[in-house]
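Based on the sequences and whatever the hints tell you, model everything.
Heads up: the sequence lines are chains A and B, in that order.
Per the numbering used here, the very first residue in the first sequence carries number 1; after that it's consecutive.
Per the numbering used here, the very first residue in the second sequence carries number 1; after that it's consecutive.
I should point out that these hints are in silico values taken from the structure, not numbers from a laboratory.
If you're wondering where the values come from, they're calculated on a predicted model, not measured in any experiment.
Take these hints with a grain of salt, some might be off.
[As the list claims (entries may be wrong)] Pairwise CB distance ranges, derived in the manner of DEER restraints: (1) A/GLY97 with B/ASN41: 43 to 53 Å; (2) A/ARG49 with B/LYS465: 24 to 34 Å; (3) B/ASN257 with A/PRO138: 44 to 54 Å; (4) B/ASN35 with A/SER34: 49 to 59 Å; (5) B/HIS34 with A/PRO138: 31 to 41 Å; (6) A/GLU4 with B/LYS465: 51 to 61 Å; (7) A/PRO138 with B/SER340: 29 to 39 Å; (8) B/HIS489 with A/PRO138: 38 to 48 Å; (9) B/PRO385 with A/ARG49: 51 to 61 Å; (10) B/ASP451 with A/ASN90: 12 to 22 Å; (11) B/THR497 with A/MET108: 44 to 54 Å; (12) A/GLU4 with B/LYS33: 45 to 55 Å.
Don't be surprised by glycine CBs; every beta carbon is placed ideally from N, CA and C.
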Amino acid sequence: MNREEILKKYEPTRENLLYILHDIQDSKNEKYLSEEDLVAVSRYLKISRSEVVGVATFYTMFSVKKRGQHIIRVCVSPPCQLMGGNTIFNYLRKTLGVKEGETTSDNMFTLESSSCLGVCAVAPAMMIDDQMFGNLTPEKIDEIITRYREKKNG
Amino acid sequence: MAKIYNLLLCAGASCISSGGYSFRDKLVEELKKHNIENMVNIVETGCVGICELGPVVIVYPDGVFYKKLKPEDAKDIVEEHLLKGRVVGRLLYKEKDSEKIVQQASQIPFFQKQLKIVLRNCGIINPESLEEYIGKDGYSALAKVLTEMKPEDVIKEIKDSGLRGRGGAGFPTGLKWELVRNSKGGEKYVICNADEGDPGAFMDRSVLEGDPFSVIEAMTIAGYAVGAKQGYIYVRAEYPLAIKRLRSAIKKAYEENLLGKNIFGQNFDFDLEIRVGAGAFVCGEETALMHSVEGQRGTPSPKPPFPADRGLFGKPTLINNVETYANVCQIILKGSKWFSSIGTEKSKGTKVFALAGAINNTGLVEVPMGTTLKEMVYEIGGGLPNDKKFKAAQIGGPSGGCIPEEYIDTPLDYESVKKLGTIIGSGGLIVMSEDTCMVDLAKYFLEFTQDESCGKCPSCRIGTKKMLEILNRISKGRAKVEELDLLIHLGEQISKTALCGLGQTAPNPVLSTLKYFKDEYLEHINEKKCRAGVCFKKKK
Ligand SMILES: Cc1cc2nc3c(=O)[nH]c(=O)nc-3n(C[C@H](O)[C@H](O)[C@H](O)COP(=O)(O)O)c2cc1C
Ligand code: FES
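Structural data, given as structure tokens:
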């Protein structure tokens, strides 16, 4: 769906702002909200651009910077930290060759941190887009990353 | 051919994250291979609770419980159990000490100690099937309410039950309903708070994934009781599976006229919509949540006015937590007397706890209020891995504090826990062994609140930062003893002056660890020693 189609899906009321931003962001390869997106949304809802920017920058899941095709969100909340979350985060940084908030050179992954993902019973955990992964170990991460890369090539 | 076996496959987020669907796919493949798909009914249920052992399957009619399943295990279950009736021994649960093999789910101590009201259907029914929900008395409570009870009767029943809010503060639910009912001003709203952001809490996710209709039915009852025609469920975006199941459940409820106009043919309308967050912990705070539903930045507002007077879109609003709602239908059906016979004098009913950290059986458990921490850790939780020594449990997430070993006999209810300076909160229970450094723990929690502070009020924005700086210095051995007093002073000031609950409670994990583990703080400062061996590690 393109931006116009997404907008048309919703009544032009302020209440729908978060849904619209989610949908537009998800529809794009770079998983972000561009200046044009923000302006288009503000016109559609008849609110100022700065109101839209205010919302888009308040919530951690929205990005106004280009990102990779898949967003990796590693849980850094206490229960995961106590179970070795830091090691997992460092391993991902090393494996992907990026720092937090950066995108891999092939634009495949953006590495982000997240607060508790609600699967603390299988800590340490991370999410890739809508998929949850728990009981993480370096080996498991290798396996998961390889699977995503193969899916792209295969 | 008639179905001979029912396979209950846990499809909660934890089991899926540890490979539940790979197992399922292989299972289906094996069933096809042996041409017995028609004999076997695979039911994908919500969370069974014992996430540590996931992915899990319970095979009925025998009730055999299989754990930690890998795709390769599907072959044995099909060829041995389903075809030959021979239980696959190596996949059964073994008791920790006695090594006794337990075949039946109902005989595992983890399940035996529990009393399930909120989680009664989780792991038992297919969460997306309205028929199965109805088969478990679903929608009888709404039918009773709409045909036999006046709104005032419903409120009285909830009040008499003694139910208190499970979202953290423990406010009496019936009283809240009454305040909203009596509040003047035409339109009213009902909201379900499913933002569940407390680190260590995942009970609301499991209820929504495992039994979404119970929350929808309860919200409809609440709408009738307070006089609202419109409801919203605000779910955090980190819970895509819960959102998917809720969507499907709402759609089915509309199809059967259990939502919408003239429900049950009565003169009562109720509409329900989902709103999805976008990653902001503070949106769990009720005023912030309502701003977010309106499409605004999710920052909190000062109270009063309370939501019951002026809430969503400036109208009287009832807001309750997922678990609070999940109790409602059972109270209506079984009566307030039954409910108030469970629990302690002032804390009625059950509480769902999420066990995480250094404990063998991580997962979800529901127990009567007043169950002791000791029973929780050793009997239900199966003790600590590698027989480590229990040091403390953090309860109440970032707004709570810890309960040290000397108080392990404390009953878990609102009052007893409060006496120790912490709260039940949303029910996250993080168990810690001697390998956890309490300074480090306090630091993690403060990092969390500092990170999630919305920045609106300075005492939270700057105050928590100052506290964190001191903690960082302590954990590096660079702090002075006087700074402990400063830490306490800062904490007390922030509690008094912050705008919302986030800031007001942010110092709690620090103050609580300082109260019970001051020695450890002093060791860090004076001797540059960390007895858990966590701080002062040499950088590689
Ligand atoms: C910072 C903060 C975060 C909160 N997060 C949640 C939450 O995730 N879920 C929830 O039900 N209540 C949360 N609350 C409590 C709500 O403000 C509110 O009290 C609750 O939803 C009322 O429902 P109850 O009476 O059924 O508990 C939070 C409060 C604060 C101050
Ligand atoms: S703390 Fe990581 S999932 Fe809850």
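We went through each hint and held it up to the structure:
1. A/GLY97 with B/ASN41: 43 to 53 Å: For A/GLY97 and B/ASN41 the Cβ distance comes to about 47 Å; the hint holds.
2. A/ARG49 with B/LYS465: 24 to 34 Å: Since A/ARG49 and B/LYS465 have Cβ atoms about 31 Å apart, the given range 24 to 34 Å holds.
3. B/ASN257 with A/PRO138: 44 to 54 Å: holds (53 Å)
4. B/ASN35 with A/SER34: 49 to 59 Å: Given range 49 to 59 Å: holds, Cβ gap about 54 Å.
5. B/HIS34 with A/PRO138: 31 to 41 Å: Between B/HIS34 and A/PRO138, where Cβ atoms are some 38 Å apart, the hint holds.
6. A/GLU4 with B/LYS465: 51 to 61 Å: violated (43 Å)
7. A/PRO138 with B/SER340: 29 to 39 Å: Given range 29 to 39 Å: violated, Cβ gap about 51 Å.
8. B/HIS489 with A/PRO138: 38 to 48 Å: holds (43 Å)
9. B/PRO385 with A/ARG49: 51 to 61 Å: Since B/PRO385 and A/ARG49 have Cβ atoms about 53 Å apart, the given range 51 to 61 Å holds.
10. B/ASP451 with A/ASN90: 12 to 22 Å: Holds, since B/ASP451 and A/ASN90 (Cβ atoms, about 18 Å apart) stay within the stated range.
11. B/THR497 with A/MET108: 44 to 54 Å: Between B/THR497 and A/MET108, where Cβ atoms are some 46 Å apart, the hint holds.
12. A/GLU4 with B/LYS33: 45 to 55 Å: For A/GLU4 and B/LYS33 the Cβ distance comes to about 48 Å; the hint holds.
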